[in-house]
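We have chain S already, so just place chain X on it with the hints.
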Amino acid sequence: MVNLDVNGKQIGLDEDGFMINPEEWTEEVAMALAKTEELEEMSEDHWKVVNYLRNYYTEFGIAPMVRKLCKDTGYDLKKIYELFPSGPAKGACKIAGLPKPTGCV
Amino acid sequence: MKNLKPQDMGKRTEQLVQLGKLMDLPAPYDQPGMEPPLTVPKDAWKEKHCTTLDGYVGIDTLIRPQTKAEEEQVVNSFLSGLAKIFSDDVNRNFLQPLVLSIKYCAKCNTCSEACHIFKASGGQEIYRPIFRSEVLRKIVKKHLTKSGKMLGSLVGADIDINWETIARLGELAYRCNLCRRCAQACPLGLDNGLLAREIRKIFSQEMGIAPKPLHEKGTMLQLKTGSSTGLTKPAFLDMLEFMEDDIFAKTGKKIKIPVDKKGADILLTHNAGEFMTWPDNPAAFAVLFTEAGLDWTLSSDMIGYDNVNYGLWYDDVQARRVAQEQFKVAKQLGVRRIIIGECGHAHKASAVSMDRITVGEDKIPVESFLPLLWEMVNRKVLKLDPQKNNFPVTLHDPCNVVRMMGVVKPQRQILQAICPQFREMTPHGVNNYCCGGGSGFAIMQSMNFPEFRKQVGSRMKFRQILQAFQGSMDPGTPKYICAPCSNCKGAIRDILEFYHTTEKFNIHYGGLVELVVNALVDIEKPFLEFLA
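If you read the sequences in order, they're chains S and X. So the first sequence is residues 1 to 105, counted in my numbering. So the second sequence is residues 1001 to 1532, counted in my numbering.
Same shape as in the complex, but just chain S (with noise of 0.2 Å):
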């Protein structure tokens, strides 16, 4: 377990870099956990990405299905890979607080 830095708050991070606890989860440390894959900025795109993801899970306790997540916020996988170079599960969910997937996807 590894530790990230928020303002002076210490956020435990599993060895690939997600929140251990994801109800830690704040817009700070989505940019602090922006930065750690190595997105300088966090554009509107991006937010609306991540919020959505984050309401998601907020409400299923799970992410939602890639193509959901495509159809709802209206960007196509593409455009999702250009928002976050690691792709949605490594990167979007990351930053957007949620576990590293588990079982057989």
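A portion of the hints provided could be inaccurate.
[As the list claims (entries may be wrong)] The calculated DSSO-like cross-link candidates involving lysine-lysine, where the alpha carbons are at most 27 Å apart (straight line), are:
| id | chain 1 | residue 1 | chain 2 | residue 2 |
| --- | --- | --- | --- | --- |
| 1 | X | K1068 | X | K1005 |
| 2 | X | K1233 | X | K1212 |
| 3 | X | K1254 | X | K1525 |
| 4 | X | K1224 | S | K90 |
| 5 | X | K1254 | S | K68 |
| 6 | X | K1048 | S | K90 |
| 7 | S | K68 | X | K1256 |
| 8 | X | K1525 | S | K78 |
| 9 | X | K1525 | S | K71 |
| 10 | X | K1261 | S | K68 |
| 11 | X | K1011 | S | K71 |
| 12 | X | K1011 | X | K1233 |
| 13 | S | K90 | S | K35 |
[What the hints assert, rightly or not] Ranges of calculated distance between the beta carbons of each label pair, as one might list FRET restraints:
| id | chain 1 | residue 1 | chain 2 | residue 2 | range |
| --- | --- | --- | --- | --- | --- |
| 14 | S | V2 | X | Q1421 | 48 to 56 Å |
| 15 | X | D1043 | S | I20 | 17 to 25 Å |
| 16 | X | Q1421 | S | D45 | 37 to 45 Å |
| 17 | X | V1359 | S | V2 | 44 to 52 Å |
| 18 | X | K1254 | S | N55 | 25 to 33 Å |
| 19 | X | G1208 | S | N55 | 35 to 43 Å |
| 20 | S | E15 | X | Q1015 | 15 to 23 Å |
| 21 | S | T58 | X | K1107 | 57 to 65 Å |
| 22 | S | G74 | X | E1216 | 30 to 38 Å |
[Claimed, not checked] Over the 12 Å line for every Cβ pair with chain S, so calculated as not near, a few chain X residues:
| id | residue |
| --- | --- |
| 23 | K1011 |
| 24 | R1320 |
| 25 | P1420 |
Since the hints were derived computationally from the structure, they do not count as laboratory data. Quick reminder that beta carbons are idealized off the backbone N, C-alpha and C, glycines included.
Only chain X this time, still in chain S's reference frame:
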């Protein structure tokens, strides 16, 4: 280490094996620069885990002890578990093949030649199926036999049993895909795959040590939430609703996916990973089953929507717990039979292994989807146009479907009927090679383990894929690897990404039912997205 021997597993040295020259890949991957070099483990992993086997860490919960007492505790607990697997009370189901495999090996090495990991590694001694078994045999001899205790090396009990020996052996049990190609090849019928699994069992059942993705985030999460993906009932229902819209958008068909239909003929079960990552697969099943007018249902009951059973890979107790919950769901729905979708190990778990432990009133027949699908194609229940699939297609055989269950013909009959350019891999059917993702490897993502999987575990499969498409590598021609198993798909996706095979050579992957839907006469747009 040169001339590596099983005894060396007990030596307190650094890494026993350093992988170097791996098996050659065919063109165009025979050129330099087509594959990134292997990496070395980080120092932090060396301190914390067991990297002294081959530098890779498969068991992320196996922690290097800090004190002598801790070391001894691990060794003793392994030895106590070892005694248990030889006990009729504890291990009745596996005792006979275990004892036979320990006792009668003639060391002819036919199994090594059959093993894709041994071959792919460039013939590293440590990955011979009998190397692992020989280490176990020596420990058994030394610890559990009178002659071994008294005579030691004279009777083959010449191994030092310390933490390093045990930890390396545990890691080595996770360098085997449990594909059991070696067992099929053994002239004496011995099962070195089973021995690898018995070692995993001791680690899990006795020592409480198993890779997190299999145990904590696998069977434990499944028993808690209903799925190893963490998929909950509300999320599952939300997904189905989305899938119905998606099916309409893609095929123009308005389909209501039946859920929890009491007394249906068929309960169709999927690997929940399909809903999360490959939703076209359960969608295609819904299209075909509806089209054929079958009386079927999915279950939204907790655990009813995920047919995986990771217990099969490492722990008998967990396997039984998960299977019993799954059968309970089918029983409560009152269905006549369970049909397993495109998940290889669910075939083995529900139809081969656990079919035997549920008896009497709890019994519900379990079938593979393949014979049923062939019947639908063969009887022309579905109107199909093979010309819609007129591109090179090859078939990856999931080990659990062919070798473990013996379902070999229907999938090829289907492909021959609907794919004019279908070509087999060499070898195939019961002689297939594992995708490299078997026995949990596809989902073990911690530290450097994926590197081992992609460059060694999946290497033979990648070779087979490239060979099947030789002559059609032109990027202008789309090509399709049909892999009717979620785990295999995950492993194949990862090698295609790793080697940039899709972007460079237009090679795609997916399941079988997607190809069938793609061939439906009455849909306008291609169902397979890479054709769109």
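Hint by hint, here is what the structure shows:
1. K1068(X) - K1005(X): Roughly 26 Å between the alpha carbons, so the hint for K1068(X) and K1005(X) holds.
2. K1233(X) - K1212(X): 23 Å, holds
3. K1254(X) - K1525(X): 15 Å, holds
4. K1224(X) - K90(S): Status holds; Cα separation ~24 Å.
5. K1254(X) - K68(S): Holds. K1254(X) to K68(S) sits at ~18 Å (cutoff 27 Å).
6. K1048(X) - K90(S): 25 Å, holds
7. K68(S) - K1256(X): OK: K68(S) and K1256(X) at ~18 Å, within 27 Å.
8. K1525(X) - K78(S): The hint holds at about 21 Å.
9. K1525(X) - K71(S): Holds. K1525(X) to K71(S) sits at ~18 Å (cutoff 27 Å).
10. K1261(X) - K68(S): 26 Å, holds
11. K1011(X) - K71(S): 57 Å, violated
12. K1011(X) - K1233(X): Given pair K1011(X), K1233(X) is violated - Cα atoms ~51 Å apart, limit 27 Å.
13. K90(S) - K35(S): Since the Cα atoms of K90(S) and K35(S) sit roughly 14 Å apart, the hinted pair holds (cutoff 27 Å).
14. V2(S) - Q1421(X): 48 to 56 Å: Roughly 50 Å apart at Cβ, these two residues keep to the hinted range, so it holds.
15. D1043(X) - I20(S): 17 to 25 Å: 23 Å, holds
16. Q1421(X) - D45(S): 37 to 45 Å: 41 Å, holds
17. V1359(X) - V2(S): 44 to 52 Å: Holds, since V1359(X) and V2(S) (Cβ atoms, about 50 Å apart) stay within the stated range.
18. K1254(X) - N55(S): 25 to 33 Å: 29 Å, holds
19. G1208(X) - N55(S): 35 to 43 Å: 37 Å, holds
20. E15(S) - Q1015(X): 15 to 23 Å: With a Cβ separation near 20 Å, E15(S) and Q1015(X) satisfy 15 to 23 Å, so the hint holds.
21. T58(S) - K1107(X): 57 to 65 Å: 59 Å, holds
22. G74(S) - E1216(X): 30 to 38 Å: 37 Å, holds
23. K1011: 29 Å, holds
24. R1320: 20 Å, holds
25. P1420: Fine: 29 Å to the nearest Cβ keeps P1420(X) off the interface.
In this structure, the hints that do not hold are numbers 11 and 12, in rising order.
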